[in-house]
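A.B. asks: Protein chains in written order, with the working numbering: chain A, 1 to 295; chain B, 296 to 590; chain C, 591 to 670; chain D, 671 to 750; chain E, 751 to 925; chain F, 926 to 1100; chain G, 1101 to 1466; chain H, 1467 to 1832.
I should point out that these hints are in silico values taken from the structure, not numbers from a laboratory.
No residue lacks a Cβ here, since even glycine has one placed at the ideal position from N, Cα and C.
You may find that some hints are simply not true.
In silico BS3-like cross-links for lysine-lysine, where the CA-CA straight-line distance does not exceed 25 Å [as the list claims (entries may be wrong)]:
no.: 1; chain 1: D; residue 1: K677; chain 2: B; residue 2: K303
no.: 2; chain 1: C; residue 1: K659; chain 2: A; residue 2: K61
no.: 3; chain 1: F; residue 1: K1001; chain 2: F; residue 2: K1069
no.: 4; chain 1: D; residue 1: K677; chain 2: B; residue 2: K356
no.: 5; chain 1: A; residue 1: K2; chain 2: C; residue 2: K659
no.: 6; chain 1: C; residue 1: K594; chain 2: A; residue 2: K88
no.: 7; chain 1: A; residue 1: K187; chain 2: A; residue 2: K249
no.: 8; chain 1: D; residue 1: K682; chain 2: B; residue 2: K299
no.: 9; chain 1: A; residue 1: K292; chain 2: A; residue 2: K260
no.: 10; chain 1: D; residue 1: K739; chain 2: D; residue 2: K677
no.: 11; chain 1: A; residue 1: K61; chain 2: C; residue 2: K617
no.: 12; chain 1: A; residue 1: K285; chain 2: B; residue 2: K356
no.: 13; chain 1: A; residue 1: K250; chain 2: B; residue 2: K356
no.: 14; chain 1: C; residue 1: K659; chain 2: A; residue 2: K88
no.: 15; chain 1: F; residue 1: K1096; chain 2: F; residue 2: K1018
no.: 16; chain 1: A; residue 1: K260; chain 2: C; residue 2: K594
no.: 17; chain 1: A; residue 1: K187; chain 2: A; residue 2: K84
no.: 18; chain 1: H; residue 1: K1713; chain 2: G; residue 2: K1404
no.: 19; chain 1: A; residue 1: K61; chain 2: A; residue 2: K8
no.: 20; chain 1: G; residue 1: K1250; chain 2: G; residue 2: K1328
no.: 21; chain 1: C; residue 1: K617; chain 2: A; residue 2: K8
no.: 22; chain 1: A; residue 1: K4; chain 2: C; residue 2: K617
no.: 23; chain 1: A; residue 1: K247; chain 2: B; residue 2: K356
no.: 24; chain 1: C; residue 1: K617; chain 2: A; residue 2: K260
Residues from chain H shown here face chain A by an in silico Cβ test under 8 Å; the list is partial [said to hold, decoys possible]:
no.: 25; residue: T1498
no.: 26; residue: E1506
no.: 27; residue: E1509
no.: 28; residue: S1522
no.: 29; residue: H1547
no.: 30; residue: Y1551
no.: 31; residue: P1577
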Amino acid sequence: MKIKDLSKEKYLLPGTTACQGCPHALGLKTLGMALGDRFVLVVPAGCTTIIAGSRDKSAFKFPCLHVPFASAPAVATGLGSAFKKLGKNGIPVVWMGDGGSDIGFATLSGACVRKDDMIVIVSDNEAYMNTGIQTSGTTFWKAKTTTSPKGKKEEKKDLALIMLMHKADYVATASVGYLQDFIEKLKRASEIEGFRFIHLHSPCPPGWGFDSSETVEVARMAVKCGAWILWEFDGKFKISTQSKPYKDKKRRLPLADYLKRQRRFRHLSDEDIAEIERRIDEQWKIILALEKVFS
Amino acid sequence: MKIKDLSKEKYLLPGTTACQGCPHALGLKTLGMALGDRFVLVVPAGCTTIIAGSRDKSAFKFPCLHVPFASAPAVATGLGSAFKKLGKNGIPVVWMGDGGSDIGFATLSGACVRKDDMIVIVSDNEAYMNTGIQTSGTTFWKAKTTTSPKGKKEEKKDLALIMLMHKADYVATASVGYLQDFIEKLKRASEIEGFRFIHLHSPCPPGWGFDSSETVEVARMAVKCGAWILWEFDGKFKISTQSKPYKDKKRRLPLADYLKRQRRFRHLSDEDIAEIERRIDEQWKIILALEKVFS
Amino acid sequence: MIAKPSKGSAGKTGLWRTFKPVYDVEKCNLCHLCWLYCPENAIDVLEDRIVIDYDYCKGCGICAKICAKKAIEMVREEET
Amino acid sequence: MIAKPSKGSAGKTGLWRTFKPVYDVEKCNLCHLCWLYCPENAIDVLEDRIVIDYDYCKGCGICAKICAKKAIEMVREEET
Amino acid sequence: MLEIMILSFGGQGGVTAARLLAIAALNEGKFAQAIPQFGAERRGALVRSFLRISDNPIRRHSSVKNPDITAVFSEKILNIADVRAKTVVINSKQPKLENEEVYYVDASSIALELGLISAGWPIVNTAMAGAMAKVLGFNFESLKLAIGEIFSGRLAELNVKAAEKAYGGVKRWNA
Amino acid sequence: MLEIMILSFGGQGGVTAARLLAIAALNEGKFAQAIPQFGAERRGALVRSFLRISDNPIRRHSSVKNPDITAVFSEKILNIADVRAKTVVINSKQPKLENEEVYYVDASSIALELGLISAGWPIVNTAMAGAMAKVLGFNFESLKLAIGEIFSGRLAELNVKAAEKAYGGVKRWNA
Amino acid sequence: MKKILTGNYAVAEAVKMARTEFIAAYPITPQTTIVERLAEMVERGELSAEFVRVESEHSALAAVYGASAGGLRAFTATSSHGLLYMYEMCWWVANSRLPVVMALVTRTIGPPWNIHTDHTDLLTLRDSGWILAMSENAQEAFDLTLIGFKVAERIDLPFAVGLDGFQVSHTAEVVDIPEQEEIDRFLPERRRDRPFVIEPGNPITVGGLTTNECAMMLRHDMMRDIEKVGDLVRNSGYIRDYDLVEKYRLEDAEYVVVMMGAWCGDAKDAIDILRDEGVQIGMLRLRFVRPFPAKEIAKIDCKKILVVERDSSIGKGGIIATEVKSVADSPVQSVMAGLGGVDVGVEDFVAMFRRFVEGDLGEWWM
Amino acid sequence: MKKILTGNYAVAEAVKMARTEFIAAYPITPQTTIVERLAEMVERGELSAEFVRVESEHSALAAVYGASAGGLRAFTATSSHGLLYMYEMCWWVANSRLPVVMALVTRTIGPPWNIHTDHTDLLTLRDSGWILAMSENAQEAFDLTLIGFKVAERIDLPFAVGLDGFQVSHTAEVVDIPEQEEIDRFLPERRRDRPFVIEPGNPITVGGLTTNECAMMLRHDMMRDIEKVGDLVRNSGYIRDYDLVEKYRLEDAEYVVVMMGAWCGDAKDAIDILRDEGVQIGMLRLRFVRPFPAKEIAKIDCKKILVVERDSSIGKGGIIATEVKSVADSPVQSVMAGLGGVDVGVEDFVAMFRRFVEGDLGEWWM
Ligand SMILES: Cc1ncc(C[n+]2csc(CCOP(=O)(O)OP(=O)(O)O)c2C)c(N)n1
Ligand SMILES: Cc1ncc(C[n+]2csc(CCOP(=O)(O)OP(=O)(O)O)c2C)c(N)n1
Ligand code: SF4
Ligand code: SF4
Ligand code: SF4
Ligand code: SF4
Ligand code: SF4
Ligand code: SF4
Ligand SMILES: [Mg+2]
Ligand SMILES: [Mg+2]
């Protein structure tokens, strides 16, 4: 779909509480562009709780149900049943942070195993931002947070591959740096029945420590240096166009360019960076193998 | 290790409440044989709660802490810290049912992501047995349970592969049909630091509907027909000796022999069996690919 | 308590700006990128130009960064 | 409430039996398999034979099934 | 109000017997209550279930402590439980009991004959229910209807047969 | 007891200024209390924080409703908030205010000069704290110590400078 | 029609006859047979509801919340640890004012693991905004489930039907089941637009941030509305008459026991025995704990009141006694008994009540 | 030494000075800064504890449970939804009789989402067996955390220190910090063998099935032991004197208000104002809710008592008022105020107390 043909309807209304350059805002604004009036958003606690508005004012031009932190996919299960029983055409879409996928991982896993009808999007800014930048399961190795002042000791949890092994009906990674790709994936997901999962990479200016103008740039650098791989599984496993060039390691952007742009990584040593590079190479090996198995 | 050299110490004391032919009892009796006096068992709700004894009488000759259903790996995290801080040499071993890994999946996932020091064993009898045979995430496709009187509609959750994608330090599958293999895996796991996971296949006579004398036989048939694949990951991914022959589909036992032995599968049609076979083939493809990637 | 769609759910967020995106219609090729990537949805695309809603534009600077034509420039806001 | 290791935490579970494993030392090659796979840990291996603890053996029949030598046979218990 | 205790091994169907008799009692125009063992049953372990029958609504829900009648589903039970009731109904060929009134029937043989076996155990619940129904003075029809409510098809038939045989065959023991 | 309200935009450091002044007050031998905006701050949004200073222990914990002094960290705030206090301290070159006592200082310029900038914003908290310390009649040393408690290294130095400049530069406005 | 049903099957039967549209539940003894029975009914086509095999109680109530927010009549059931595990959702559902019905089969909270009845679990809900009923037997469990849907949907608050683990849940007894048409007349289809409609295309946001005043007003309104439950129950139009309390031989009672749950039957038998001996004793049975029948208790005019309860608030005493004392005019004495499912039968009550009358009863009966 | 600290930082400081060995916690506003501060202390080496970044509150308390069962001095902190999410574990820890200490930064339970103070969350623990303290300011939050460890380890019950969200947690005020040596003398190392030792090689099983009687006895013993808290607190040997209640201008009071938490400071200022006007009013402040200071309340002898509370039990009324009424001799009136964090300041209290004295105060202050 060409950019000019995208819906001009504003599903996220200007004047929200989101910080300047907020990646969630970028993701949220595209949801309606992809799904139109066919969805209800289910939102557990997180920055989006605040972005959604307050009192009688909603920042969204689509329905939204706020739910407890660990509950979102299960709520979507019930909601989806209601749509079906009452003959309403619509998809429950869960929009959660990476934190929501920590505390709510059993819920997520359960809904996936049941193949309940929904789209789950984890907008991953790699920390608990709403409570002030604490380490989450998906926080990048060595990234500094308020609960890991010297940098996180464990590796980033790979949600998308884990959901793939859950045999979800649709799994994709996406990035706020490539909104058209995200929109296309949302559309594809909306055409499939069952449990659909999208892991959206969402660089956060105050949380990662970069200027609010650089959200899109930083997101793209993650893809270009190979640290974030865009792919899609809908029965077949495909590496997305934007990531294809980086199958070839030589074409990747220097990793340090991406990392050094962010305050949370400013303390990294060269060895650290080399180690991250090694892990990225490992990751590509797995991804390429999966591309073969599910071809 | 030769069978005759195995420890003769009885860590599970005769006269428990376990049903005749109980697979958990088989697994539990071997724990001490593999780990000696170096562990504490952490047990969430499940049949093992009952097997453990009551009042002042414990069926175990090792320490055991009963814990809430969803909490076990987190409790083990705390316990392990205590061992370290107080200079005690020991491993917290979580022994949970498949049900425990449903409700407690976030807990399990969290402990794994943190690489907390423990061994987690999921003794998988493919249903909530203690409450009377209800469907769990790992219940086999089409198996009848009291909450799925016509057979389960969703696929069995593949815990081991999911934990592998979690980057656990050690992951293995095992079976109560091959206790020596299980003991060896436990020993290997005990020599590695970090988060170690074993998915133990535990056919349950009353739950699956076969005679109490057939627990070991049914467990072995699962391996021989290729439905349960024994493998191990400790940095490298290896298919275990007992499963190696069945890489070759032709050498596998007819699937129907395994399924028809169990009351829960008595209603299967030939198409159902063919479908299961197809899925088993798929599974082998993935396993063989992983063997390559992590070689 | 039920909330309904409202512009400015956080008030006039244009007040948050320290830098202001200033648009030069001459340089613009109407590629739509600024519109797509404005997190505030504060940009509209008309026939022949884009329009920035300064009541709500927070001045993040993403539009300026993404514009290949350098048709948007960030300039320091006046304290008023 | 703290529990300590005790045989028969569920009482004399030998009472549960409907079938009883009967051992024939002649046929036995002391392979240890019955010992390893007895879920009740009710089998001991001595120098030259195995011993079944009928106080606790529940009569599941696994030992008989696993014995390649058919040295264990399950026979119906008498009602007493 | 009659208070009855049923002693059985897990797998023998003591709880079902209590339910059957409660339904039968309802069919007899009475009020009844069947209380299963409170707790986790494991196949093979001793199970206590209770039955109350009355002409008036039964309000109490506590367990039966001093039964008027005790039913014993296996003679082995006598080794581990004291049987204290005026009346006893026991699955036995030859009961060794000294209670005031002892009734006996060979329920195991009836079950085995009819092939009512599960995991090696003869399922004696319907036979024992038959014997108890007789001792309680119920019409057999009331029990038969009850069996039809809980079992269906061929299993119902067999169980009715078992109950009928025991209903006819239960005897007073004179020590 | 003096009750003070600080109005700032998120990112300007209003909450920190309150803390600094509370510590400074303690250093002056007084009791003090700094209350941040109760709620979720987002960079850019209006933030209200409170400060109480007293010779006696301060027991109350409610927010300040009728401040004796209001500090305004940006003139833009005047467009969205009513400033009602006898005394106002404002970051401004030329305050357009009619309150009884208006003090002003060009805190933004001080911050910019010293390079105290984050995400494009001049961080005016220490400068404003300096101005307020002066208005409150504190010794500069008390504030300096406070800054040393919260900041360290080069940042502490710069902030002390900013505070000092404002402490010296704050003026009474005569409309 | 009269049937022999366990309390759990009676609840399942009521859920079916209520034409419940959505069920999500997680097994836990002694609640499990409710869920199993419902699963069976659904798979057999006897009940046209969605049945979701969730992976935890938190998700059970979350799914029920979603379904109810979407407009469906929804049900779940649990016990003790299950309730504690879904506790956050319980509050969420109440504050969302959704008319969910839950069966709560009371069970002791561990450790030690113990599956027997104890009312402490039910009482953890007493602040939350749930309407809390406690049945004495299978018949009431059946009736209160149906009344529960009606009342809940009238005032948009969730409704929990308590029944004692095993003593009611697993005890098979006589239950009189009305005709389906009678139930249909009593309980029409749920109004889909109450308290709000979440559906695609209707761009409202529910549950988000508000002002503190709104949050306070919410609780105020809940408090106001729950007080309507008494009238709603009394005038529900159900086949049998119900009220918040049951009065048993209360008219001329000099001694009054206040209790709830299954053991009230045993206690009534004990009261009859004592009455025969000339002791003027009666019972006020709490059929509802929320709303708390304060007026009914304040009206008791007797020598002394004894609250017998199967619960405990560590560091305070009996939970119900505290509440009864807070409103009663007559002197109130408290005894905690039967905790952890300890069996308390007719003989116990006779002895207990005798000691109460004689004035030498302690705080614990064990 | 006097410092300006927020309530949360004061708690973190106390946890450090207690030489806590294990910390697991999950962020939630307004508790988060406790956890962040502790993480910092641990990473800087100021505190030699294990700090675990768990994935949920249920796991936070589960990990703390494991560590405490293993013999360590262990701490966690949470608020509202976090507490509700770990609710099952709260009961488990109490029934296990483990001396865990938790900071509970009070916050309103949603929906709507609201991060401001409300005491209903803390009070959900009131039956469980936790000792419940509620501090008025940062100093008390500091002191009670230390006293908490001491008392908890003496009687093997967990201890929760409440502090009002934002009003105490985020308000920086003067806190007097003792020397480390003083604390070390006050709080020696934890006895590793209490209440049991779980360690490799010691084959005991804890928490498993028991008889009903054992389960009941457990609760009985907890009830007995928690009553010792009053004496333990009074004689704790801490640097400052503490008691279950604070009496403010109570001696000759004809009107007594009973309250707890941060706003008591405002209320005291209001009392001073009214006293100046000649109104004989005073306060009994509940520093502990569990054990409930029943004796202290029973002793109040005045014209009437007003319970002002920031909580609600829907279908009953104010939670504290119910409890106070259950033991007080003087007439008790109840007012619910400040729910959802609604700000109630000195002027409000002056007006409220005036209306109380004059007899025209309703049940709600809004
Ligand atoms: C049970 C529970 N625990 C904790 C919280 C507090 N909480 C609210 S949002 C949040 C972090 C959210 O992080 P994430 O999901 O990554 O979303 P983000 O804020 O980064 O968008 C936390 C911990 C809560 N609301 N509920
Ligand atoms: C929070 C909570 N929910 C439910 C239960 C009830 N429960 C106890 S054991 C069990 C099933 C256990 O199944 P699994 O883990 O597979 O172990 P198994 O019994 O099969 O060995 C359930 C649902 C519980 N104890 N706690
Ligand atoms: S912290 Fe990050 S994710 Fe959260 S609102 Fe701000 S920019 Fe968006
Ligand atoms: S139900 Fe199965 S797993 Fe449970 S005790 Fe019996 S045999 Fe073992
Ligand atoms: S990005 Fe630049 S060129 Fe493209 S539409 Fe916007 S202003 Fe015009
Ligand atoms: S500066 Fe940011 S908010 Fe303003 S128009 Fe550009 S992209 Fe949108
Ligand atoms: S399995 Fe058979 S041969 Fe082997 S030791 Fe046992 S009885 Fe002897
Ligand atoms: S029958 Fe079963 S319990 Fe008995 S000895 Fe053989 S294996 Fe062991
Ligand atoms: Mg996040
Ligand atoms: Mg299982």
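A.B. asks: State for each hint whether it applies.
C.D. replies: Quick rundown of the hints versus the structure:
About 16 Å separates the Cα atoms of K677 (chain D) and K303 (chain B), which keeps this hinted pair within 25 Å; it holds. The suggested pairing of K659 (chain C) with K61 (chain A) is violated, with an alpha-carbon distance near 32 Å, which exceeds 25 Å. At roughly 28 Å between alpha-carbon atoms, K1001 (chain F) and K1069 (chain F) are farther apart than 25 Å, so this suggested pair is violated. Under the criterion of a C-alpha separation no larger than 25 Å, the hint pairing K677 (chain D) with K356 (chain B) is consistent with the structure, at around 10 Å.
Between K2 (chain A) and K659 (chain C) the alpha-carbon distance is near 19 Å, which keeps this suggested pair within the 25 Å criterion. The suggested pairing of K594 (chain C) with K88 (chain A) holds, with an alpha-carbon distance near 21 Å, which does not exceed 25 Å. Restraint check: the Cα-Cα separation between K187 (chain A) and K249 (chain A) comes to about 30 Å, which exceeds 25 Å; the hinted pair is violated. With a CA separation close to 28 Å, the supplied pair K682 (chain D) and K299 (chain B) exceeds the 25 Å bound.
In summary, the hint linking K292 (chain A) to K260 (chain A) is not supported, as the alpha carbons are separated by about 34 Å, beyond the 25 Å threshold. Restraint check for K739 (chain D) and K677 (chain D): the C-alpha separation of about 30 Å exceeds 25 Å, so the hint is violated. About 33 Å separates the Cα atoms of K61 (chain A) and K617 (chain C), which puts this hinted pair outside 25 Å; it is violated. Restraint check for K285 (chain A) and K356 (chain B): not satisfied, since their Cα atoms lie roughly 46 Å apart, outside the 25 Å limit.
A distance of roughly 58 Å separates the Cα atoms of K250 (chain A) and K356 (chain B); the hinted pair therefore is violated under the 25 Å criterion. Straight-line distance between C-alpha atoms of K659 (chain C) and K88 (chain A) comes to about 45 Å, which puts the hinted pair past the 25 Å bound. Note on K1096 (chain F) and K1018 (chain F): the hinted pairing holds, with a Cα-Cα distance of about 10 Å set against a maximum of 25 Å. Note on K260 (chain A) and K594 (chain C): the hinted pairing is violated, with a Cα-Cα distance of about 42 Å set against a maximum of 25 Å.
Pair hint K187 (chain A) plus K84 (chain A) holds up; C-alpha atoms about 20 Å apart against a cutoff of 25 Å. Restraint check for K1713 (chain H) and K1404 (chain G): not satisfied, since their Cα atoms lie roughly 33 Å apart, outside the 25 Å limit. About 13 Å separates the Cα atoms of K61 (chain A) and K8 (chain A), which keeps this hinted pair within 25 Å; it holds. In summary, the hint linking K1250 (chain G) to K1328 (chain G) is supported, as the alpha carbons are separated by about 13 Å, within the 25 Å threshold.
Of the pairs offered as hints, the one joining K617 (chain C) and K8 (chain A) holds, with about 23 Å between alpha carbons and a cut-off of 25 Å not exceeded. Only pairs whose Cα atoms come within 25 Å are accepted, and K4 (chain A) paired with K617 (chain C) is accepted, the gap being roughly 18 Å. Restraint check for K247 (chain A) and K356 (chain B): the C-alpha separation of about 54 Å exceeds 25 Å, so the hint is violated. Restraint check: the Cα-Cα separation between K617 (chain C) and K260 (chain A) comes to about 32 Å, which exceeds 25 Å; the hinted pair is violated.
Using the Cβ-Cβ criterion of 8 Å, the hint placing T1498 (chain H) at the interface with chain A is satisfied: the shortest such distance is roughly 5 Å. Of the supplied interface hints, the one on E1506 (chain H) holds, with its beta-carbon coming within about 5 Å of a beta-carbon of chain A, less than 8 Å. Here the hint on E1509 (chain H) is kept, as its CB sits about 5 Å from the closest CB of chain A, short of 8 Å. Interface hint at S1522 (chain H): satisfied, since its Cβ lies 4 Å from the closest Cβ of chain A, which is below the 8 Å cut-off.
Nearest Cβ of chain A to the Cβ of H1547 (chain H): about 6 Å, under the 8 Å cut. The hint holds. Interface restraint check for Y1551 (chain H): the shortest CB-CB distance to chain A comes to about 7 Å, inside 8 Å, so the restraint holds. With a least beta-carbon distance of about 6 Å to chain A, the hint placing P1577 (chain H) at the interface is held under the 8 Å criterion.
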